[in-house]
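Asker: Please assemble the complex out of the two chains, which come individually in their own frames, going by the hints.
Going down the list, the sequences are from chains C and S. The numbering used here puts the first residue of the first sequence at 1, with every later residue one more than the last. The numbering used here puts the first residue of the second sequence at 1, with every later residue one more than the last.
Keep in mind the hints are simulated off the structure, nothing from the lab. Model, not experiment: these values are computed from the prediction. Note that CB positions come from ideal geometry on N, CA and C, so glycine has one too. Hints are supplied without guarantee of correctness; some may be wrong.
[Claimed, not checked] For lysine-lysine, the following PhoX-like pairs were computed, each having C-alpha atoms within a straight-line distance of at most 25 Å:
#1 S/Lys2 - C/Lys66
#2 C/Lys6 - S/Lys62
#3 C/Lys4 - C/Lys314
#4 S/Lys24 - C/Lys216
#5 C/Lys230 - S/Lys3
[As the list claims (entries may be wrong)] Just so you have them, the derived chain C footprint on chain S, three or more residues with Cβ under 8 Å:
#6 7–18
#7 33–41
#8 58–68
[What the hints assert, rightly or not] Residues of chain C clear of chain S, computed beta-carbon distances all greater than 10 Å:
#9 Leu9
#10 Ile115
#11 Ser116
#12 Lys230
#13 Val298
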Amino acid sequence: MNEKQKKLLTRIIVAAVFFIPLYLISEGIIRVDMPKWMLFALFLIPYLTVGYDILRKAFLGIRNGKVFDENFLMTVATIGAIALGEYGEGVAVMLLYQVGELFQSYAVGKSRKNISELMDIRPDYANIEGEGGALERVDPDDVAIGTIIVVQPGEKVPIDGIVVDGASALNTSALTGESKPREVDVDDSVLSGSINMSGVLKIRTTAEFGESTASKILDLVENAASNKSKSEDFIAKFARVYTPFVCYAALALALVPPLFIMLTGVGMANYASVGAIWRDWLLRACTFLVISCPCAVVISIPLSFFAGIGGASKQGILIKGSNYLETLSRVTTVAFDKTGTITKGNFEVTAVHNGPLDETMLAEQEAKLLEYAALAECHSSHPISLSLRKAYNGAIDAARVTDLQEISGHGIVCRVDGTDVAVGNEKLMNRLGIPFHRCHHVGTIIHMAVGGEYAGHIVISDELKAHSREAIAELKKAGVERTVMLTGDAEAVAKQVAADVGLTDYRAEMLPQDKVACVEALLKECPEGRKLAFVGDGINDAPVLSRADIGIAMGALGSDAAIEAADIVLMDDDPLKIPKAIRISRKCLGIVRQNIIFSLVVKAVCLILGALGYANMWVAIVADVGVMILAVLNAIRCLFVKKL
Amino acid sequence: MKKTYKIDVDCANCANLMEEAARKTEGVKDCAVSFMTLKMKVEFDEGADVDAVMKNVRANCKKVEDDCEIYL
Chain C
1 MNEKQKKLLT RIIVAAVFFI PLYLISEGII RVDMPKWMLF ALFLIPYLTV
51 GYDILRKAFL GIRNGKVFDE NFLMTVATIG AIALGEYGEG VAVMLLYQVG
101 ELFQSYAVGK SRKNISELMD IRPDYANIEG EGGALERVDP DDVAIGTIIV
151 VQPGEKVPID GIVVDGASAL NTSALTGESK PREVDVDDSV LSGSINMSGV
201 LKIRTTAEFG ESTASKILDL VENAASNKSK SEDFIAKFAR VYTPFVCYAA
251 LALALVPPLF IMLTGVGMAN YASVGAIWRD WLLRACTFLV ISCPCAVVIS
301 IPLSFFAGIG GASKQGILIK GSNYLETLSR VTTVAFDKTG TITKGNFEVT
351 AVHNGPLDET MLAEQEAKLL EYAALAECHS SHPISLSLRK AYNGAIDAAR
401 VTDLQEISGH GIVCRVDGTD VAVGNEKLMN RLGIPFHRCH HVGTIIHMAV
451 GGEYAGHIVI SDELKAHSRE AIAELKKAGV ERTVMLTGDA EAVAKQVAAD
501 VGLTDYRAEM LPQDKVACVE ALLKECPEGR KLAFVGDGIN DAPVLSRADI
551 GIAMGALGSD AAIEAADIVL MDDDPLKIPK AIRISRKCLG IVRQNIIFSL
601 VVKAVCLILG ALGYANMWVA IVADVGVMIL AVLNAIRCLF VKKL
Chain S
1 MKKTYKIDVD CANCANLMEE AARKTEGVKD CAVSFMTLKM KVEFDEGADV
51 DAVMKNVRAN CKKVEDDCEI YL
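One chain only, chain S, in its complex shape (with noise of 0.2 Å):
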């Protein structure tokens, strides 16, 4: 399953460390972060709880770039 997220981030090399970060997080299966569009495009492996994976994508992005911000 894909999900697109609205997200706001300052710099570009932050978008990138977020989308890395978000790849390594469990349940996601790939991830791609456009800053231009400020948008997270989020595909879960089968049968993910989104919720709870997208809690710990937004955690693991906060601890890449603080000022981060994803809505969910």
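The following block holds chain C by itself, in its conformation from the complex (with noise of 0.2 Å):
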């Protein structure tokens, strides 16, 4: 508890004590003959002990301008109970007004301490090596890049960077949510936020900290709580309608049913004299204005989502804001890129198959192949370019390479030592005017021309990734109708993916460009209200990430361009995190509707049963403090979503 808790704790405490008693005097359990001024006066002690400050603030709420807040509200509602002589009631009010806000505060402040220690990846501090190979501890934010660090076992690494000497196991739990350690050693790369488990490391460092991997994660989760969901608006709307609502309705409570029996006659018979008209239904207004306090339903849905987006945090699902939690829940249409996403990306040569040359020079010309490829490869990053860099196995000397063109969606054309190679799909030999061969292989055929003569072709076949199959399957569990991958890879190789993994639906033969026209067409396809998410690598499919209604990024860890354009990102490339996603998103949900539908009953009921008159001011102020500790719990559930 903070200082203003405890002073909160001690003031309902001395309040209590007073108002025991004298409770139990005003009502006549303890026979004390007192006048009746002096009860009052002695009431007044617990009353402003316990709630000077609500008066204070409804009196300065009132000089601002500013009337409908539930200061207000408490102080016309205690002071009308005090005013009609139901003294016991109105300091009772207040008492438990207090006590539930006391709760709320207390709660919310350590739900918030717990999920923002969950998160909290950073480290505090980083070891030099100081002079005479002593550790010194020194703030990560003073460590330039390239200074060398120490980290200890058990010590988690402050700051990216590359191994320079050790070996070790690395819990990267906190950044991805998996359990199996990491091996590092020398010239591996290691991410800030984990932990080393058994030997001592020396790390390079190649960031600075603020960023490193750790510090962003943990200004976008931060950060996240700011991008508000459609829920949160609504409540905040609702909560400014609300209150001058429920103040006009007492008000209405208290003048219109008296006047209305006064002048009619009607019911006049309930009631001893006029006085007592207007007492009952000022007693019943006030009640009204008990209940008017939108707290719990206000605190309650960012809580939920606060508390949702921190337990996806910890399984290594980072959600961008609040509004995306939602919108994941909503969707049913679920597009995949291919390589990296469903695959593992890791091509592999399997085959080289070569043209119309010497039959009898073939092993000679299948490496003269490979050779020209990873040449003409030598600038792409792409997975491919990799695979065939790798395969040829030599050194690539990238001034042998003249006149390279990267044509978008085909391949690549270029001079290799003054000869023109075309490498790329069929389209690029279509494109040339160059006759080819089709491969009775499946995979990704990579098509060859030398001298503007057809070469032969590299077939590079693609792995499914271990648990694709079961995401698939999981993912339809969960709801989701429509499975698309979306490929730049040929029909052939599409298909069989598609149909390994249980896909409903594939395209094909796809140039970057036609992604997002495809998304769009996905888009118009899907049911009103339902939600099309994207997943991607994010390495050259940000347009499309941005485009859908939810981009998810795999495996993103360290890609700063997919960690901007997403709106989702999984640490790992583990397709197993989306449907996973999805269920935290259903869960979260599904208790803000709770909590919502819930708060809100209860609330209308006691307005009814206020009104009615069945309903005094105690029951109406321990709804509302039990409906507030209620959503309040309830929303700590998001947090809980491992199992899931």
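Answerer: Okay, structure coming up:
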């Protein structure tokens, strides 16, 4: 508890100590003869002790032209009750209201702290080697790029870097949700936020602290709270109308029925005197005011989202705002990129088939083809290019390549050692007017032309990710009706992959710009109120990520562009995280809905019972505080998403 | 330009009121207050004097919720 809360608690206890005997006296349970004014004066002690700040705020509110806030309501309700001679009720309402405030402040503070701690993967210090080899603790903010830092077993890696000495296992679960330790050795890159488990590591930093993964993730999650969801907006707007509405309703309740009774005489028999009529309806109006505080509803909604985002981030799913969590829960169509999303993206050259060249020099020809392909692709970072360079496995002298021209969605045309070389798909060959052989292998086929003549092709295949099939099945179970794969790859490959993992649909041979158009078409086919998510690895699908209702980037750890473009970032590249994210969002939104409906229904029932005279102020305030406590506890359930 | 400030406020509705008050302050283009992280993110109008604007934002917020604080 902080200072403010302790002070409030003390005031509540002191007031309660005064209040209880006074209440028993006023109810006649303890018989003490005292004049009414004395009882009133004594009741003022607990009332002012516990409520002085509310009275002050109400006064300031009126002076600043902000009338309808809960302080004003509480003040009017309690003063009203006291003026009507219901000293006990008036003071009790103020007391219980403050108990509710204290609980709310405590519960929210506590969960705020818990969630922040859960997400706090930011290390507090870095070790650098001082003179004589002694370790010195420094503020990670002061560590320049290129400094050698030392991370001991049990410590967090403070800054991104590359291991220069030592080997160890790292626990990356704070970043990725993956509990299996990752082995690192010299020259491996390590990300801040992971925990060193076994050996001492010396790391050369490659980023500043503020630019390191841990800091960036934390910023992202903390900023998530300012992207508000529709539910939050709805409640904020609701609160703005609700309080004034209840106030006017209370005013009407205090004036209309008594006037009606007095004018028509209907129900007059129930009252002893005219004064009794006014007293009864004024009390009912005061009860109304007690129920009018919107805080229970207003607090539980952002708390639910915050807890949901916190829980998801612990599972390696970063959600950049409550609004995205809300949209995600309505996703029924998921479009996937193929490479790196459904398949591993580790291409391997599985076959090299040469064209109508001399049969006798087969092996040599194959090696030549690979060499040309590797050279032509020497500037590209596409997974296919990487695999070609890997298969060639020789030194690549980029100076041999001239006039390089990359034709998006087709391939590369260039000159190697002065000879024209074209490397690409069927479209490229068609474009260049070179007749080619179709391959009977299923895989990505790279056709090659050397010196304007068809020279052969290289078959590259990709493996499915271990969990792709399972992930698609789980998506279906989670209510995703449509799963579509978009790929630039050939029809045959796409068809096979789609059938293997159980996708409902696929689109093959797409150029990057086609993907955006295709997602737009899919968006149009989405039923009203349903949403489309696009999952990609973020490398060259940033435009598609931002065009979809929800862009999900996979395995994006360390890729700024992907983190920037996506709405949801999966820290590792396990496709099972996609259905998991959807389940988390559904649970969270379910809880939000429960809280909204539950608190509104209870409020409505209390308002009706209060108006009919069945609920007195006691019931009203207990219901109000109780609803808030339950809503807050329910909201905290959003945090527990591990087993989802 | 955007800037984030630490704030202190006791109730969620008051945080919403602060957001509204800040948004209405001259020189503020948009504002988001997160009660959960106790942060206020302010987007300023082009060429606004940040310090002066924030002083007004603070004053306006104090008007709607006496107990709040913005750490400038």
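Asker: For every hint, state whether the structure bears it out.
Answerer: We went through each hint and held it up to the structure:
A threshold of 25 Å between alpha carbons decides the hint, and for S/Lys2 with C/Lys66 the separation of about 28 Å lies outside it, so the pair is violated. Only pairs whose Cα atoms come within 25 Å are accepted, and C/Lys6 paired with S/Lys62 is accepted, the gap being roughly 23 Å. Proximity of C/Lys4 to C/Lys314 is assessed by CA-CA distance (about 31 Å); at most 25 Å being required, the pair is judged violated. Straight-line distance between C-alpha atoms of S/Lys24 and C/Lys216 comes to about 31 Å, which puts the hinted pair past the 25 Å bound.
Between C/Lys230 and S/Lys3 the CA atoms are separated by roughly 24 Å; this keeps the pair inside 25 Å, and the hint holds. For a cut-off of 8 Å, the count of residues in the segment 7–18 of chain S with a CB near a CB of chain C stands at 6, and the three-residue condition holds. Coverage of the segment 33–41 of chain S by chain C holds [criterion: at least 3 residues with CB-CB distance below 8 Å; count 8]. Note: the segment 58–68 of chain S has 4 residues with beta-carbon separation from chain C under 8 Å; the three-residue rule is met and the coverage holds.
Listed as outside the interface, C/Leu9 is consistent with that label: its C-beta sits roughly 14 Å from the nearest C-beta of chain S, beyond the 10 Å cut-off. Non-interface call for C/Ile115 relative to chain S: violated, since the shortest CB-CB distance, roughly 8 Å, does not exceed 10 Å. The claim that C/Ser116 lies off the interface is violated: its Cβ sits roughly 8 Å from the closest Cβ of chain S, which falls inside the 10 Å cut-off. The claim that C/Lys230 is not at the interface with chain S holds, since no C-beta of that chain comes within 10 Å of its own (minimum 14 Å).
Non-interface status of C/Val298 relative to chain S is broken: a Cβ of that chain comes within 10 Å, the nearest being about 4 Å off.
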